[in-house]
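Chains as they are written, first to last, in the working numbering: chain A, 1 to 368; chain B, 1001 to 1271; chain C, 2001 to 2313.
Simulated from the structure, these hints should not be mistaken for laboratory data.
Keep in mind that a hint or two might mislead.
What the hints assert, rightly or not - Heads up, simulated BS3-like pairs for lysine-lysine below, C-alpha to C-alpha not over 25 Å straight-line: (1) A:Lys-166 <-> B:Lys-1069; (2) C:Lys-2065 <-> C:Lys-2131; (3) B:Lys-1069 <-> B:Lys-1038; (4) C:Lys-2120 <-> C:Lys-2065; (5) C:Lys-2120 <-> C:Lys-2131; (6) B:Lys-1069 <-> C:Lys-2164; (7) A:Lys-107 <-> C:Lys-2131.
Chain by chain, the residues run as shown.
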Amino acid sequence: MSSTTAILLTGVLVASACALLGNFLILRRMAMMSDAISHAILPGLVAGYFLAHGPNLLVGFLGAAAAAAVTVFLVEALQKTRRVDGGSAMGIVFPAMFALGVVLVSKFFADVHLDTDAILYGNIEFSAFDILYLGDRELGPQSLWVMGALCALNLSFLGLFYKELKLTTFDPGLAAALGFSPLLMHYATMTVLSITTVGAFTAVGAILVVALVIVPAATAYLLTDRLAVMIGLSVAIGAVAAVAGYFVAVALDASIAGAMVTMTGVLFAAALLFSPSQGLIAKARRTRRNRARFAAEMLVVHLFTHEGSAAQAAESLVAHLSDELRWSVETARQTVARALDQGLVSQAGERLALTDDGRQTARQVLAR
Amino acid sequence: MPQQAATLEGHPPPIESRPADAAEAVTVRDLTVAYRDKPVLWDVDLAIPAGTLTAIIGPNGAGKTSLIKAVLGLLPLAAGSVEIFGHPYAQQRRLVAYVPQRGSVDWEFPTSALDVVTMGTYGQLGWVRRPGAEQRGRALACLDQVGMAEFAGRQISQLSGGQQQRVFLARALAQEADLYVMDEPFAGVDATTERAIVTLLQDLRARGKTVVCVHHDLESAPDYFDWLVLLNVRLIAAGPFAETFTPENLGRTYGGRLHLLGERYLAVGAR
Amino acid sequence: MAEILRDLVFDYTLRNVALGSALLGIVSGVLGCFATLRRQGLLGDTLAHAALPGVCLAFLVTGSKESVVLLAGAAVAGWLGTLVLLRIVRDTRLGEDAAMGIVLSTFFGFGIALLTFISKRNDANQAGLDKFLFGQAAALVTSDVVTIAALGALALLLVAVFFKEFKLLSFDPEFAASLGFNTHRLEVLLTSLTVVAVVIGLQTVGVVLMAAMLIGPAAAARQWTNDLGRMIALSALFGAASGVTGAVLSVTEASLPTGPMIVLSLTAIVVVSLLFAPARGLVWDWARQRRHDRDLAPPLAAVQTAAPERGQP
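For reference, chain A alone in the conformation it holds in the complex:
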């Protein structure tokens, strides 16, 4: 297997594994937990390295998973004391864990290869060279096996508990009433997130994990209203960012992890601007259109409200619109023109009157 293929495959598998979980983190408003966990596992990795007297996948994995569990527990416990708010609880725990990790590294492994840069942004570049052996048989790059396993784990987690995850996310009260404990699902999600973070972390570093968990899912959330579609989209977006990032990195001779993250950012920005339903441009256009329609509705409701009242004569003058409704002369003119055009009002000299259609529209608008 060429190193390019190995790196690309690893990237796509990491992206898929992370994005799958990211959907529920986004919907549960817990995205920052992935940031906290990804930083906090450092002391666990170091402890694993220490215990195994060198880099050992399984021991390092267990150490990191234990650190992740400690982090989730500490954050929960701190929040429960109600002495600090949720964000602060995270901001107290994960820097402390990370600092502990850095201190351990510089105290005991100053001369060993466990440098903190690689932990922050990984070394997917070398993923092709770390070959997994079973006895004497060569099984291919280790990171592929790890990420493939994570992908399978997350897919089966989502597959088995899709209904429960959906219910506890959208209506925890109902879920609890039906016997699906939201707390249990929370801990299950956090456990799977920890395992994913730890696995992905050894391959691609802390920041790439956070980006791949959060950003593709957030991008997908801007593009669809259906959960199943959102999950599929997030995986596709993550994979595209991984592949595109690789080629950008090679072209510019920059960090592959950094470029992959940058590409997730680019895709997110594109969705933020151009999404047909949630995008800023579509929204601005919709607002402009609605504002014109809304102005016409305001006009008919205004005339309707004052119909038959003593003030009717004064309120229905065209000039009154800019005075009393505080519209600019231009807005007033356009709105009157639009309403005349649609047959909602009729004009006699400076005076406006509702047509039957206009009266009907006003009633409909007010009944909404």
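Could you slot chains B and C onto chain A? The hints should help.
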């Protein structure tokens, strides 16, 4: 009120028309308010006479809070205008005091009851100037008015809901305004606080002040207020309480939902 | 002990490191109070990460490694990150947590890409840039300390001038607006000052640990007092104390990095405050709870043994 005159001298306001030369405390013309594209108030015309105790009543989602926020300049207006004592709000700010809903702030905030009440004087102080002994003295007097003087130094999270509400009322008193705008001051308070608020309202009216309250309890409303605004996105009716609080008007305000309220409230309305 | 004190005054390195770290602790301690009270503690984390590409771009554009230039780039990028964050929160259905995660990770990833890009082009020249990742308090020189002191003094002066307004904004922004204060401008000012604190911190503790410098001192101080002014003073004190302690530990004990030692000292202060602060300390809660249980135990047991008898029909 010599104390008030003194503080006003220090800060020449732009126009600050005293209520004496305006019969209407609040004048709302053709007011439409929308959140994004969704209108929450449609073309409301309203005049609240100075010196009244006014209740704004309507079902949930009727736009009651939006109306007072629009009056206070806290929401952008899609159309229309608001005047306080005959002039735009920006010029009359110091004549208006505001009591927001109790749930709108974090009561765990590290501050004391007295400190919160002192915040009522910040508007008159303007930018940068610090509250001094004079302001704190006034704040203490206001706390005393709502029966909370002994809790001045208490951290605000250690007060009961009713006591917190009275702290908010005292803060409004410290603003030394002519118009008091309150968002559900009676919501979830104990009997002592309810009595204290009623006494306070009557005291304010006796001093010629105007009070506008969002209110949700149809049963108590006739006892507390003398002017009524019925609102359900549009203005349904407004006028002297007894004339306006009719079964017909209430029916139009609450639509079919009034039946759920039971015969009792209709009977109250009809008396 | 006496030796450490003497070194603090006379040892050039230790004096600079301790002074720079203490100043950072004071500034971030003060601004962290407002940030945490407004539930924006993690904003500092986002800002710090978002600043990295600014540092790299400032270097790419100017070719200068002057800390003033790099910090200006950091400030601009941090501000841009905040604007994007606010825009996402305001105009999409994504929550604040997602928005923070997006800005933090993508800006930082871009920064890493730039950093590696720079290092591979002219490898001799990038050495100064990656110190922003973990901070390099040990490398602070007198001119850095002067920069930190000037920026910090400006930030603290503005907090002193607008103390009343910031307090009102943090407690009840809507009431502040009804009084005629321009809350939008106040927010911009307060956020800008937080950016200053973060920029100072980048040089000292680095990107990852900055979150702790804003949140830790404030969270600890909150446990000891119910008064905002006192909380701010205590928070500044805790920040300064952990700065000096971390600096001394890292300089006296070889091979211990300064930034992490500062954060660990700070964490110790937070833990002690959470457990033992009078009135709010958790230990007193637990003790009360135990006393309560013990006092109730015999009567409860009596009720339990009595219950079945009464429960018989």
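*Numbers of unmet hints, in rising order*: Hint 1 alone not satisfied by this model.
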